[in-house]
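Protein chains in written order, with the numbering used here: chain A, 61 to 195; chain B, 107 to 523.
Just so you know, the hints here were simulated from the structure itself, not pulled from any lab data. All residues carry an ideal CB built from backbone N, CA and C; glycine is no exception. Among the clues, some could well be false.
What the hints assert, rightly or not - Taking beta-carbon pairs under 8 Å as the criterion, some of the chain A residues facing chain B (in silico):
#1 Arg95
#2 Gly96
#3 Ile146
#4 Glu147
#5 Cys148
#6 Ala150
#7 Ala153
#8 Val154
#9 Pro156
#10 Val162
#11 Asp166
#12 Met167
#13 Val185
#14 Pro187
#15 Gln189
Unchecked claim - Below are the DMTMM-like pairs computed for lysine to aspartate or glutamate, each with C-alpha atoms no more than 20 Å apart in a straight line:
#16 A:Lys97 x A:Glu142
#17 B:Lys297 x B:Glu146
#18 A:Lys64 x A:Asp102
#19 B:Lys217 x A:Glu180
#20 B:Lys233 x A:Glu143
#21 B:Lys217 x A:Glu192
#22 B:Lys369 x B:Glu228
#23 A:Lys64 x A:Glu143
#24 B:Lys297 x B:Asp424
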Amino acid sequence: MPNKRLVLLFPPHLIEEPVTYRLIKGYDVKVNILRGKIVPRDYGRLVVEVDGTQEAVDGALAYLEQVGVGVQPLAKDVRWHEERCIECTACAAVCPTGALAVSRPDMRIVCDHDKCIGCELCVPVCPFQAIEILL
Amino acid sequence: MAKTIQQINEKIKSGQAVVCTAEEIIGIAREKGHARAAAEVDVVTTGTFAPMCSSAAYFNVGHSKPRIKLGGGRVTLNDVPVYTGLAAVDFLLGATALPDEDPRNRIYPGKFLYGGGHVIEELVGGKAVQLVAQAYGTDCYPRRKLETWISLEDMNEAMLFNIRNCYQNYNVAVNTSDRTIHTYMGVLQPKMRNAGYCSAGQLSPLLNDPHYRTIGMGTRIFLGGGIGYVVGSGTQHSPAVPRLENGVPRSGAGTLAVTGELKQMQPRWLRGASFLGYGATMAVGIGIPIPILDEEMLRCTAVTDADLVAQVVDYSSDYPERVANSLAEVSYAELKSGTITVNGKNIRTAGLSSYARAREIAGTLKAWIQQGSFLLSEPVAPIADQDSGLVCKPLVEKPIANHQRFNQVPVHLAGGR
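Could you build the full structure based on these sequences and the hints that come with them?
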C-alpha cells in the first residue's frame with residue numbers, strides 16, 4: 061500500500077473531535093501532517109500523508125467518512141494550467157519532491173500530481189501563474 | 107560551394123529547399139561533415155521564447171466624434187497607462203507598464219500580476235480592453251473625456267515594436283547573500299542555492315550567427331507567432347565583448363530591435379509575465395532563419411550547448427552595484443543538466459527562457475519555409491560587429507547644481523516674458 065496524500069475537509073461541528081488521534085490510535089495508520097488551515101465558521105483543511113496496511117488505511121477512510129470528514133486526493137487541489145505554462149523550468153528548481161520536473165534532453169516540464177505535497181514553493185516563482193494550489 | 111539568398115529563395119519557391127532546425131543541424135553536421143552538410147542544407151531555423159522587457163506596441167485607435175487629442179493627455183488600457191507624447195490618436199504601450207494602483211514593492215515582494223505585457227497578450231488574443239482617456243481640449247480637438255471598449259480589429263494600426271530583444275547570450279544569476287532576493291532572473295535563494303539562466307543556447311538566433319553575417323536590418327523573422335522584421339541592432343548592442351575561439355560571445359553581447367503587425371500574431375507567443383518583487387514584462391517568441399551561404403555559416407549553426415558559455419553573476423551585490431565580476435564561467439550543457447558547480451558548490455539551475463518553446467518556434471519556421479510561405483530576405487544594412495569596438499556604456503552622472511534646476515521654459519522659447 062503506497063502512502064496516500066489526502067486533503068481532509070473538517071466541517072465546523074467537528075472542531076472538538078480529535079480526528080487525527082483516532083486515526084493513529086484506532087486504525088494504526090501513520091499520519092504525517094503536511095499543512096493545516098482553520099478558518100472560523102468554515103471548513104478546516106488538513107493536508108496529510110496517510111500510510112499503513114491496506115486494511116488499516118481502508119478502515120481509517122471509512123471512519124473519516126462516517127464522522128463526516130470530507131476526503132479527497134491532494135492531486136485534485138493542485139492545478140497545473142498547461143495552457144498558461146511556457147515550460148521555462150523555473151518551478152522545477154524549487155520543487156522539493158520532483159512533482160514538477162524537467163524531462164531531459166527535451167527540456168519539457170513533467171507534472172506528477174502524486175508527488176506534490178502542496179508546499180506551494182512553485183507558486184510565487186512562476187511568472188505565468190500557471191500553478192494553482194487550492195488549499 | 108557558396109550560395110546566395112536569392113538562390114536559396116528559388117529553391118524555397120520550388121519546394122526544393124533543405125531546411126532544418128539549429129538543433130537538427132548538430133547531428134547532420136556531425137554525421138556528414140561541415141562541407142557536405144553546407145552543400146546540402148539551405149536554411150537553419152533558430153528560436154527563442156523568453157521574457158524580453160524592452161518590448162512595446164504602438165496603436166492608432168481612430169478618431170472619435172467629436173475629436174479628442176490623446177497626445178499630451180492621459181490614456182489607460184485596462185488601467186495600464188500608455189505613452190501619449192505623440193499625435194492625436196497614436197500611443198505606445200510598454201510591456202513593463204503598471205496600473206497606477208499597483209502597490210509595486212510597497213508590500214514586498216510585489217506580485218505585479220497585470221501590466222503592459224498582459225494587455226498586449228489580451229489584445230492579441232482577440233479580447234476587447236477598456237480605453238479610458240482624459241485630454242485637455244483644443245479648438246480642433248474639443249473632447250475632454252473618452253471611455254470605450256476597444257479590440258485590435260477596431261484599430262487602424264497595431265504594431266509590436268521591441269527596441270531590445272533576442273539577447274545574444276546572458277548572465278547566469280545567483281545570490282551569495284543570506285536573504286532571498288527577487289530579481290528579473292527569478293527568485294534567488296540565499297547562499298547560492300539556485301541559479302537562473304536565460305538563453306535558448308544552441309537554438310538561440312544570435313548564437314547561431316555570432317558575427318551577424320546574415321541577420322541585419324530588414325531580415326524577415328518569426329515574431330510573436332506571425333511575421334516580423336529586424337529593425338536593426340537593439341539598444342545596449344555590445345558586439346565588442348570577449349568571445350570564444352568559435353566567435354561566440356562569452357557574455358551578453360548583440361541585441362536586435364524588431365517589429366511586426368500585432369494583428370497577425372498569436373497570444374501563445376506574446377505572453378504577459380509577472381516577476382515576484384521585480385515587475386511585469388512580456389515573453390516574446392522570435393525565430394530567425396539563417397541561410398547557409400557557405401561552410402562558415404554551417405559551422406556557426408552547428409554550435410552546441412557544450413560550445414556556448416555564460417558568466418555566473420552575483421545579483422545580491424555585484425549586479426546591483428554595477429561591479430563587473432564573474433564568479434564562474436559555465437556552459438549551456440551544464441546549465442541545462444540542472445546543476446552547475448561554482449566554487450565547488452553544486453547549484454540547481456532554472457531556466458527563464460523556454461527551450462521547449464524555442465524548439466517549437468524553430469520547427470514552425472522550418473515548416474513555413476518548407477511550405478514556401480516564408481521567403482528569406484536580404485538585409486538592407488548590416489549590424490555593427492566586433493570590429494566596431496562598440497560596447498554598452500555605463501551612465502556617468504553629472505551633478506546638477508541648484509541654480510541650474512530646470513524649472514522654467516527656456517528664455518528663447520518664452521517670448522521675452
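Hint-by-hint comparison with the structure:
| no. | hint | result |
| --- | --- | --- |
| 1 | Arg95 | 20 Å, violated |
| 2 | Gly96 | 24 Å, violated |
| 3 | Ile146 | 5 Å, holds |
| 4 | Glu147 | 4 Å, holds |
| 5 | Cys148 | 5 Å, holds |
| 6 | Ala150 | 5 Å, holds |
| 7 | Ala153 | 3 Å, holds |
| 8 | Val154 | 7 Å, holds |
| 9 | Pro156 | 11 Å, violated |
| 10 | Val162 | 6 Å, holds |
| 11 | Asp166 | 7 Å, holds |
| 12 | Met167 | 4 Å, holds |
| 13 | Val185 | 5 Å, holds |
| 14 | Pro187 | 4 Å, holds |
| 15 | Gln189 | 7 Å, holds |
| 16 | A:Lys97 x A:Glu142 | 27 Å, violated |
| 17 | B:Lys297 x B:Glu146 | 50 Å, violated |
| 18 | A:Lys64 x A:Asp102 | 25 Å, violated |
| 19 | B:Lys217 x A:Glu180 | 15 Å, holds |
| 20 | B:Lys233 x A:Glu143 | 17 Å, holds |
| 21 | B:Lys217 x A:Glu192 | 15 Å, holds |
| 22 | B:Lys369 x B:Glu228 | 12 Å, holds |
| 23 | A:Lys64 x A:Glu143 | 28 Å, violated |
| 24 | B:Lys297 x B:Asp424 | 14 Å, holds |
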